[in-house]
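Engineer: First to last, the protein sequences are chains A and B.
Residue 6 is where the first sequence starts when you use this note's numbering, and the numbers rise one by one after that.
Residue 6 is where the second sequence starts when you use this note's numbering, and the numbers rise one by one after that.
Fair warning: there could be bad hints in the mix.
The list treats identical chains as interchangeable, and a pair is accepted whether it falls inside one copy or across any two copies.
[Claimed, not checked] In silico DSSO-like links for lysine-lysine, alpha-carbon gap of 30 Å or less:
1. K163 with K245
2. K74 with K243
3. K231 with K243
4. K252 with K163
5. K252 with K231
6. K74 with K241
7. K84 with K241
8. K245 with K231
9. K245 with K74
10. K243 with K84
11. K74 with K195
Worth flagging that the hints you see were computed from the coordinates, not collected in a lab.
Protein chains: 2
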Amino acid sequence: RIYVITPTYARLVQKAELTRLSHTFLHVPQLHWIVVEDAPQQTQLVSDFLSASGLTYTHLNKLTPKERKLQEGDPNWLKPRGAEQRNEGLRWLRWMGSTVHGKEAAALEEAVVYFADDDNTYSLQLFEEMRYTYRVSVWPVGLVGGMKFERPVVEDGKVVRFHTGWRPNRPFPIDMAGFAVSLRLVLTNKEALFDGDAQMGFLESSFLQHLVTMDDLEPKADLCTKVLVWHTRTEKPKMKREEALLKQGMGSDPDVEV
Amino acid sequence: RIYVITPTYARLVQKAELTRLSHTFLHVPQLHWIVVEDAPQQTQLVSDFLSASGLTYTHLNKLTPKERKLQEGDPNWLKPRGAEQRNEGLRWLRWMGSTVHGKEAAALEEAVVYFADDDNTYSLQLFEEMRYTYRVSVWPVGLVGGMKFERPVVEDGKVVRFHTGWRPNRPFPIDMAGFAVSLRLVLTNKEALFDGDAQMGFLESSFLQHLVTMDDLEPKADLCTKVLVWHTRTEKPKMKREEALLKQGMGSDPDVEV
Ligand SMILES: O=c1ccn([C@@H]2O[C@H](COP(=O)(O)OP(=O)(O)O)[C@@H](O)[C@H]2O)c(=O)[nH]1
Ligand SMILES: O=c1ccn([C@@H]2O[C@H](COP(=O)(O)OP(=O)(O)O)[C@@H](O)[C@H]2O)c(=O)[nH]1
Ligand SMILES: [Mn+2]
Ligand SMILES: [Mn+2]
Chain A
6 RIYVITPTYA RLVQKAELTR LSHTFLHVPQ LHWIVVEDAP QQTQLVSDFL
56 SASGLTYTHL NKLTPKERKL QEGDPNWLKP RGAEQRNEGL RWLRWMGSTV
106 HGKEAAALEE AVVYFADDDN TYSLQLFEEM RYTYRVSVWP VGLVGGMKFE
156 RPVVEDGKVV RFHTGWRPNR PFPIDMAGFA VSLRLVLTNK EALFDGDAQM
206 GFLESSFLQH LVTMDDLEPK ADLCTKVLVW HTRTEKPKMK REEALLKQGM
256 GSDPDVEV
Chain B
6 RIYVITPTYA RLVQKAELTR LSHTFLHVPQ LHWIVVEDAP QQTQLVSDFL
56 SASGLTYTHL NKLTPKERKL QEGDPNWLKP RGAEQRNEGL RWLRWMGSTV
106 HGKEAAALEE AVVYFADDDN TYSLQLFEEM RYTYRVSVWP VGLVGGMKFE
156 RPVVEDGKVV RFHTGWRPNR PFPIDMAGFA VSLRLVLTNK EALFDGDAQM
206 GFLESSFLQH LVTMDDLEPK ADLCTKVLVW HTRTEKPKMK REEALLKQGM
256 GSDPDVEV
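Chain A with its partners taken away, still in its complex shape (with noise of 0.2 Å):
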């Protein structure tokens, strides 16, 4: 089972992302999708978009504190994004794994967890190359970084370092949507969470240097040279019609969700 951890807030594009990212994990067999609202409660777009969507899923929420969230104007590496979302993700999943025993108990031994963001693009072969994950499985990621992908570099099998274009020497330089732990590492190593105190660049490695070393980590998608997931972002929509029409009286439909 693959239990996916989404960080997501509302934005004019949220439902647009929420939608495809779901006809993507709606292709992925016994995944379940565990979405986190930056919100101080579970919205009804979230709800209602969750509950039409034929996914199994967990819904939660848990609103970045004010002093931590990027500011309109702030440079978009300032603060790390999605970090209380995904510990809250961990937490229920710990939750869950603790009050779990017997038959059920043991297959979650042999699930994984992901972390992926909500505009990210996603392969249907990336799942399958992190279905079987010992530890923590790492794989390229296109179009992060500046670069055209970054990627774990792979000698006789082992990650002996990474192509980045910034600060290779970092514990573990590796982007988000390039790596996948064992649940049952998450469940044993209980410490492991987000620093969202961390210094750009460094999130990633808050999390991972609780749970392993670069000796340990377990190449997929061809020994890390295929391309099975991409950072995308999509555009923030321009509504300056929108603003003219609205001083007017004539704007959108508030009623009409988006």
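Guided by the hints, dock chain B with the ligands onto chain A, whose structure is given.
Structural biologist: Leaving out everything else, chain B with the ligands in the frame of chain A:
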């Protein structure tokens, strides 16, 4: 049957866009994807992608003539994008229609044609809405034209005007994603094509004017009150670090497809 015509062109996010689009289309029964590359030849990337996609498809190509192509730095409203490719798709449909007789020809009578750009987001419900189109069906489009959504306004079951932020009196102020046409109409009106020289905002009208009047439009999506498709756009990925590494001879392996 639904024939979906998609123009596409080579760029860093192309494979990612086609990947998530294909995941949506794989859920739609009886969909035939007509992919038209804006390229002098069919590329290996798109050919390989399509043959692995699991979809029923036709692969075409048609290069936009240089004088009609947007140049680096042009504002993106200057020239319509994808017009020649959609026309090539229409030509293929007409050719195909003219060669089919008997029972299959009767099935074509009930088919529908939809123009789906490679970067938009489509709900699955959208395809159920368009499946029964007698002439031209229409519905709202989210996040388009500087608006939360644009849509036909329906009174007593008929489209009477359009909610749009710009020139509502264009013949058909509807985005490409906001309508579908019966194949029968496409086959019997061979002169209906997109005018690649149309003024900005008049591309859809240049095609639809050959087929219907406003009176004929069939409103879908609960009388045009639901947003089932979003005009999302994907950010162009920055390649700053890639370029810096390239200068040191350490760029990403060009043999790895992204
Ligand atoms: O205030 C925010 C901003 C982002 N996110 C989520 O955190 C993840 C990463 O954010 P984003 O995609 O904006 O980051 P980037 O593309 O810059 O890595 C995504 O799933 C977002 O939906 C969030 O929960 N709260
Ligand atoms: O030079 C080009 C630019 C775009 N397109 C395609 O035409 C459609 C519309 O282009 P785009 O999405 O860039 O337009 P916009 O989002 O600005 O409406 C998309 O399917 C693109 O892949 C194309 O074939 N050649
Ligand atoms: Mn992102
Ligand atoms: Mn587009």
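Engineer: Checking against the hints above, which ones are violated?
Structural biologist: The structure breaks none of the hints.
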